[in-house]
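S.K.: For reference, the chains in residue letters:
Number of protein chains: 2
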Amino acid sequence: MEDSKTQEISIQKPLSMPPADSRQQARTLVMKLQDDICAGLELTDGLGKFKEESWDRPEGGGGRSRVMSEGEIFEQGGVNFSEVEGTELPPSILNQRPEAKGHSWFATGTSMVLHPRNPYLPTVHLNYRYFEAGPVWWFGGGADLTPYYPFLEDARHFHKTHKAACDSINPEFHKVFKPWCDEYFYLKHRKETRGIGGIFYDYQDGSGLLYKGQNQNGNAAKISQDIGKQSTSWDQLYSLAKSCGEAFLPAYIPIIKKRKNQPYGEKERQFQLYRRGRYVEFNLVWDRGTIFGLQTNGRTESILMSLPPLVRWEYGYKPPENSRESLLTKVFNRPQDWLGDKTLEKKLESHNAID
Amino acid sequence: MEDSKTQEISIQKPLSMPPADSRQQARTLVMKLQDDICAGLELTDGLGKFKEESWDRPEGGGGRSRVMSEGEIFEQGGVNFSEVEGTELPPSILNQRPEAKGHSWFATGTSMVLHPRNPYLPTVHLNYRYFEAGPVWWFGGGADLTPYYPFLEDARHFHKTHKAACDSINPEFHKVFKPWCDEYFYLKHRKETRGIGGIFYDYQDGSGLLYKGQNQNGNAAKISQDIGKQSTSWDQLYSLAKSCGEAFLPAYIPIIKKRKNQPYGEKERQFQLYRRGRYVEFNLVWDRGTIFGLQTNGRTESILMSLPPLVRWEYGYKPPENSRESLLTKVFNRPQDWLGDKTLEKKLESHNAID
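Here the protein sequences come in this chain order: A and B. Each residue of the first sequence is one higher than the one before, starting from 53 at the first, in this note's numbering. Each residue of the second sequence is one higher than the one before, starting from 53 at the first, in this note's numbering.
Note that these hints are calculated values from the structure, not bench results. There could be a bad hint or two in this list.
Same chains, same names: a pair is fine if it fits in one copy or spans any two.
Unchecked claim - Here are the simulated PhoX-like pairs of lysine-lysine, each with C-alpha atoms no more than 25 Å apart in a straight line:
hint : residue 1 : residue 2
1    : K103      : K370
2    : K240      : K398
3    : K394      : K382
4    : K398      : K103
Please build the complete structure, drawing on both the sequences and the hints.
M.R.: Here is the structure:
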C-alpha cells in the first residue's frame, strides 16, 4: 500500500517548468564545477596537473575527461564532464520516469573520483547531473567520502559542510539525502557501506516526495514519507547542485591539508590497497551508473577512471581486534549519525581516531 | 524461428537417467580433482602450500576452500570444492532449465584460479560442476588460459591437450565447446576475450543440441546446429568431466616448467598488473557465476578468491605499436583457431612470440 502510494506521488507532473535556457544553464554550471574543482585540486596538490582529453560520442554529444596521475598528493584522480543525447532512455531509468518514454533525452553532468597516495587521506567521489526527456526534467547528484583510517573529525567536517549546502536551499533535504547516500553506496555482499557517505539524490523534479529511489523500505523512503510532499522550483534545484558542488572543495581540502604530511608505513599502505578492493567491488558489482555505461557502449576509459591505480585482494583477511583497521569496518563502514550521535567519541577514543 | 527451435530441442527430457549413486559419484570426482590438482600444483611450486578452510552454508551444504599465497611460482591461487543444496534454483538458471521449477536442487563442483608472479606465466581458471533438480540433471565446466605475453606454442599446447580430452569422449564436443568458451569469457566493454580461451560447456544432459547457452547468434550455436542432436549418456558426461579435469595438469604444468625461470623486468610486471585489471573487470561485470553468488548471499571470500593479489588501472594506456604487449591484445585477446590457423606464426614471428 505504502509503496504504490509513493510511486503514484513521485511520478506526477513536475510543478515547475524549466527556464528556456535550462540546458545552457545546466551545462555552464557543471563545466564551471569541473573547472573550479580541477583548479582547486591542482593548487592543493602543488605538483600534479590534470591532462585533458576531449571526445565525441558517436550517438550524439561528447565530453572532456581530465586525469591527474602521480601528483604529490593524488596518486590518481579523474574529473569528467559529459553532455550526451539519445533517442530513448534505458529501461532502468524509464522505470523511474515513465513519462519520458518515447522521447529523446539530454543529459549533462560532471563526475569525479580522487585516490590520494597517503592512506590517511580519504578517497572522494562527486557527481552532479541534469536530465531532460520530453515532458520531464530532473537533477541528481551528491558527494561521498571513503576513508581508509577512521577520523571522526574528518567525517563530521565532510557531513557538516554538505548539510549546510543542502540547508541553504531547503532544511528538509539533508534528512533524506544523507540516508539515501548510505543506502546507495552499500556493498550487500560485504554488509558494508562504501565509506562514511555524504549526500545522494536523484530524479529531483521539484514535485512530490523527496525520495525517488528504488528502495521503498529503507530509511530514506521512511523519512521522506514523514516529511511529506515538497514543492521546489527548477531554480532552487539548480541552486542545490550549485551549492553542493561549491561545497566540495571546502568539505574535502581541509582534510587533505590537515593530514597530507601525516607519516605512514607499509602496514597502512597495504591496508589502503586492500580497502581499495572494496571500491572496485562496489563500482563494478553494484554501481548502476558504471554497469549501465559498460554494458551499453559508454566510453570505457572515462567510466573506469573511478578505479584506483593500485589495488590488492587477500583471501580471508581480518584486521586485529580493536585495531584502527577493525574500527574502520565496524564503525566507519556502517551508516552513522555523524553529526548527532555523541556516543561515537566513546567508541573511538582509545584509538586515536577522533582527530 | 531458429531460436525457438533450438529452445524446444534443448529443453526436452534427458535421454539418459543418472545412476542411483550419481551425487556420490560426482562428489567423489570433483573432490579428487581438487586433491590431485592441489598436489600437482604444490609439487610444481616447491615452496607454496595450500591452506584449507572448511565452511558450512546456512541454507544447506558447504565446502572446502584452499588457498596458496606467496608461493615460489604462484603469487596467489585458490582451489574450491563446494556442495550446496537449495529449495528453488534462481531465475537465471530456471530460464535455461524450466523443468527444474518447483524442485529442490543439488550442486557439487570444483573451481580454481591461479595467478603466477612471473608475467610470462599465464593465469588459469578451471571449473567442473554437476547439478540435479527434480527431473533434470546436467554437467558443466571447462578451463581457460589468460596469458600476459603472447606465446603461440603455449596457446596451442593448452588447446591441444583439452581437445584430446574432449575427443576421447565424442569428437564433436570440442567443435562447440571451444567457441562457447571464447563467447563466454568475453569483455564486451573492451571488445576483448579474457584470454586465449580453452573449453566451456554448460547444461549438458546428454540430449539435443550440444550448445545450450544464451547466445543463439554466436558461432557455438551455429556449429552446434550443423552438428545436430547428440545423444550422450550420464556416464559419458561424467567421463568428460573426468577426462577434461585430468587434462588440466598436463595442459598447464609444462607451460609453467618451461617459462618459470624466464627473467622479466619491471616493464613486464607492470603490464601484467595492468592486464590483471581485465580479469577483475570480467569477473565482476560479466561473469554470471560471480555476480549471482555475490548478489545472493554466497560465501564472498570463496567467490572472490578468483581476484588477483595485486592489480593496477591506468587511464588511456595503449601499448606501443608492434610490441609484444600490443600483440597480446590484437591476437591473443581475440578468438583464434589456435590449432588450425597456420598464418598465426607469420603474425607473431618477428616478436619472439612463437615459443
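S.K.: Would you list, in rising numerical order, the hints stated earlier that this structure does not obey?
M.R.: The structure breaks hints 2 and 4; every other hint is satisfied.
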